[in-house]
Amino acid sequence: MNKKSLRLFSAEVAKGVGSLFFVIPCLLRVLAAFKPDSEIVKFQGILPKQWTIANFQEVLGNPEEIPLLRWLLNSVIISISTATLVLTVSSLAAWSMARLRLPGKPVVYGVVLATLMVPGQILLVPIYLLLNTLGWLDTPLALIVPAAGGAFGVFMLHQFFLGIPKDLEEAAALDGCSRLSTFMNVIVPLSRAPMATLFIFTFVGSWNDFLGPLVFLDSLERYTLPVGIALFQTSYFTEYGLTLAASLLCTLPTFIAFMIFQRQIISGMAASGMKE
Amino acid sequence: MKPRASGWMFAAPYLTLFTAFVIGPLLFGFALSLFRWELLSNVKPTFVGFENYVEAFRDPYVHQALGATLRFVWMAVPATILLALMIATGLNAVAGKRQGFWRAAIYVPHLLTVSVAGILWRWFYNKEFGILNALLRPIGIEIPWLSDVAWAMPAIVLMTLWWTLGGPSVVLLSGLQNIPVSYLEAASLDGATPVQRYFRIILPLMRPVLLFVTVMHVIGGFQVFGQVYMITRGGPELSTRSLVQYIYETAFNNYRMGYAAALSWILFAVIALFTLVQFRLMREERS
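Line by line, the protein sequences are chains A and B.
The first sequence maps to residues 3 to 278 in this note's numbering.
The second sequence maps to residues 1334 to 1620 in this note's numbering.
It should be emphasised that the hints constitute simulated quantities derived from the structure, not laboratory data.
Every value quoted in this text rests on a predicted model; they were computed, and no experiment measured them.
Do not rely on the hints blindly, as some may be mistaken.
Stretch-level coverage of chain A by chain B, calculated; a stretch enters the list once three of its residues show a Cβ under 8 Å from a Cβ in chain B [as the list claims (entries may be wrong)]:
#1 100 to 112
#2 128 to 141
#3 191 to 197
#4 224 to 231
What follows is a set of in silico ranges between Cβ atoms, one per label pair, in the way DEER data are often shown [what the hints assert, rightly or not]:
#5 B:Q1529 / A:I79: 33 to 41 Å
#6 B:A1525 / A:Q52: 38 to 46 Å
#7 B:F1434 / A:Q161: 43 to 51 Å
#8 A:Q52 / B:L1609: 52 to 60 Å
#9 A:A195 / B:Q1529: 47 to 55 Å
#10 B:H1396 / A:Q161: 36 to 44 Å
#11 A:I79 / B:L1609: 37 to 45 Å
#12 A:I79 / B:T1526: 55 to 63 Å
#13 A:L192 / B:L1536: 35 to 43 Å
#14 B:N1587 / A:D39: 45 to 53 Å
Beta carbons: idealized from backbone N, C-alpha and C, even for Gly.
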C-alpha cells in the first residue's frame, strides 16, 4: 500500500468509526423520542412508523410531577454561578501567586497544587457533614460554593499568567494604576482565551455533575437535570418514550453551547492534556 | 516590588474557600475515619482508632467492590488508549475543515450527562426490545447484557468507551500534530515505509502523552460511579458495584459516616499507589 492510499484508508476508517459508533446512538435516541411507546418497546426499525410529539407534550405538560423546566432553570443557575465564582476567585488567586511577591508563596502554591491529586469523592462525606452544619443541604449553595475551592483553575491560569510579559504590568504601575486596576485593565483583556476555557470547562463540569446533586439535594423542585432525569429510571421505569424525550430536551442546551464554543472546548481539552 | 503581605488579599477569597472546602474536609475526613459516627442513630460519635480500617480489610463487600473496580479499570483503560490512538491516527489523516467536523462528532457523546447516556444504553441493552439484540437476533444470538454476571461489566465498559473516547482522542490527536514534520520527512528520505515511520518514530515520540493519558484514565477509572449506578445499580449479584458506589451507599443509605470516610481514604490510597507506580515508570522511561 502506498502512502496516499494508506492515508485515504485510515481516513475512511476514522469516518466509519466516528459515524457508526458515536453519532448513531445519539440519532437513534432523537428518532425514538418521536415514536409512540408501542414502537419503542418492540423494535420495528430505526425510523418511527408513526411520528408523534406526544412524548414531549406529556413530559412538558405535567410540571407538578415532572418539573422539567424547573430542573433546567436550576441547572442553568447552578452552572453559571459556579463557573462565575470559580473564574473570579481562581483568576485573582492565580495572578497574585504568579506575579505579586508574597511572603510564604511557594509553600501555599505547593499545597494548592498537591490537592490536584485528591479525587473528589474522598471529600464527599466530610463536605456533606459540613454543609449539613451550615444548613446548605438541599440548596444551590451546596453545589456552587465548594466547587470554588478546587485547584484546577488556579493551576491553569497560573501557568498562563507566568507567560505574560512583565513589562506591561510595570508600565501600568508606572502610569499610576493600582494593582486591582492593573489586573482588570491589563491582565484580564490579555487572558480572554484561557479564562473562557476555564469558564466553559467549569460550566460543563457543573452541568453534568451527577454525584454532587444526588447526594446534596433532596427535594424534587431543587433537582438539577441530571438527577431529575435519573428519576425516570425508577418512577417512570417503563415509559421509555417520556424518558427519551426528556433526555433529548436535557441535551439540547449543551449541544447548542458546544456548537458555538466548539473550538474553545476542544482546544482547551487538548491543551489540558498536553501540559505535563 | 517588595514582598508585601497585603498582596495576599487578592488570593484571600480563593484561599478561604480552599481551606473550608478542600483542606478542612480532607483533614476532617481522616479524623472522621477514626470514629464510629452514625447519622440518624442515637449513638454519640466515639473514637475507635483504626477499627474502621480493620473492618474494611475484612469486609467481603469491600473485596467485591475493589475487584469490580479493578476489573473495570483493567478492561476500560487499555481499550480506551488503544482505540483513542487509532481514532487520533485516523483523524490526523483527514485534512482541514472535515477533520474539525469528525473531531467534534466523536466528542458528541460526552455532551450527554451520565444519567442520559446511561438511560440510552440501558435501552440499547434491553434483552427484549433493545436494539443490540434486535440486530443480533437474525443471526441467532440473544445476549442477556445486564442480567448475566459475565456480560454486565463488559456492557458497562462498552458504554463507557462510547461515552468517553472523545477526550483522549482529541488529546492524542494534538500530540500527533505536535510531532515536527521534519522528523517524518527525514525518515521518508532515509527510505522508511509509513508503517516503520509509525512504529519507529511517531509512537516513541508519543510516549509521554500516552503515559499521561493512561495515568489520567486509571485515576478516573477507579472513580467510576455514574454509569454503573444508572445502568446496573451495581448488579447483577453486586458484580458491577464499584468502590465509589459502595462508599455512596455506606454513607447515604446506611448513614455510616465514619466507615464511609475510612473507605474513601482506602480508595485514595489505592489511586495514589497506582499513580505513583505509573509516575515511577515514566521517570525510568525518560532516563
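- Task: Could you see if the CB distance from B:A1525 to A:Q52 stays within 38 to 46 Å?
- Result: 59 Å, violated
- With 37 to 45 Å as the target window, see if A:I79 and B:L1609 comply at their CB atoms. 40 Å, holds
- Message: At least three residues with a C-beta closer than 8 Å to a C-beta of chain B: is that true for the region 191 to 197 of chain A?
- Response: Result for this restraint: violated, n = 0.
- Item | Per-stretch coverage check for the region 224 to 231 of chain A, three Cβ contacts closer than 8 Å to chain B | That given contact holds, which follows from 4 residues of the region 224 to 231 of chain A lying within Cβ reach (below 8 Å) of chain B.
- Message: Verify this for me: three or more residues of the region 128 to 141 of chain A with a beta carbon less than 8 Å from a beta carbon of chain B.
- Response: holds (count 5)
- Query: Does the Cβ distance between A:A195 and B:Q1529 fall inside 47 to 55 Å?
  - Reply: 38 Å, violated
- Item | Satisfaction of the hinted span 36 to 44 Å by the C-beta atoms belonging to B:H1396 and A:Q161 | Taking Cβ atoms as reference, B:H1396 and A:Q161 lie about 41 Å apart, which means the hint holds.
- Status of the given 55 to 63 Å range, CB of B:T1526 versus CB of A:I79: 57 Å, holds
- Task: Determine whether the Cβ-Cβ distance between A:Q52 and B:L1609 falls within the hinted range of 52 to 60 Å.
- Result: At roughly 58 Å between Cβ atoms, B:L1609 and A:Q52 fall inside 52 to 60 Å, so the hint holds.
- Message: Can you tell me whether the CB distance of A:L192 to B:L1536 sits inside 35 to 43 Å?
- Response: 37 Å, holds
- Message: Please check whether the region 100 to 112 of chain A has three or more residues whose CB lies within less than 8 Å of a CB on chain B.
- Response: Holds: 5 residues of the region 100 to 112 of chain A have a Cβ under 8 Å from chain B.
- Task: Could you see if the CB distance from B:Q1529 to A:I79 stays within 33 to 41 Å?
- Result: Violated, at about 56 Å.
Checked against the numbered hints above, the structure breaks hints 3, 5, 6, 7, 9, 14 and satisfies the rest.
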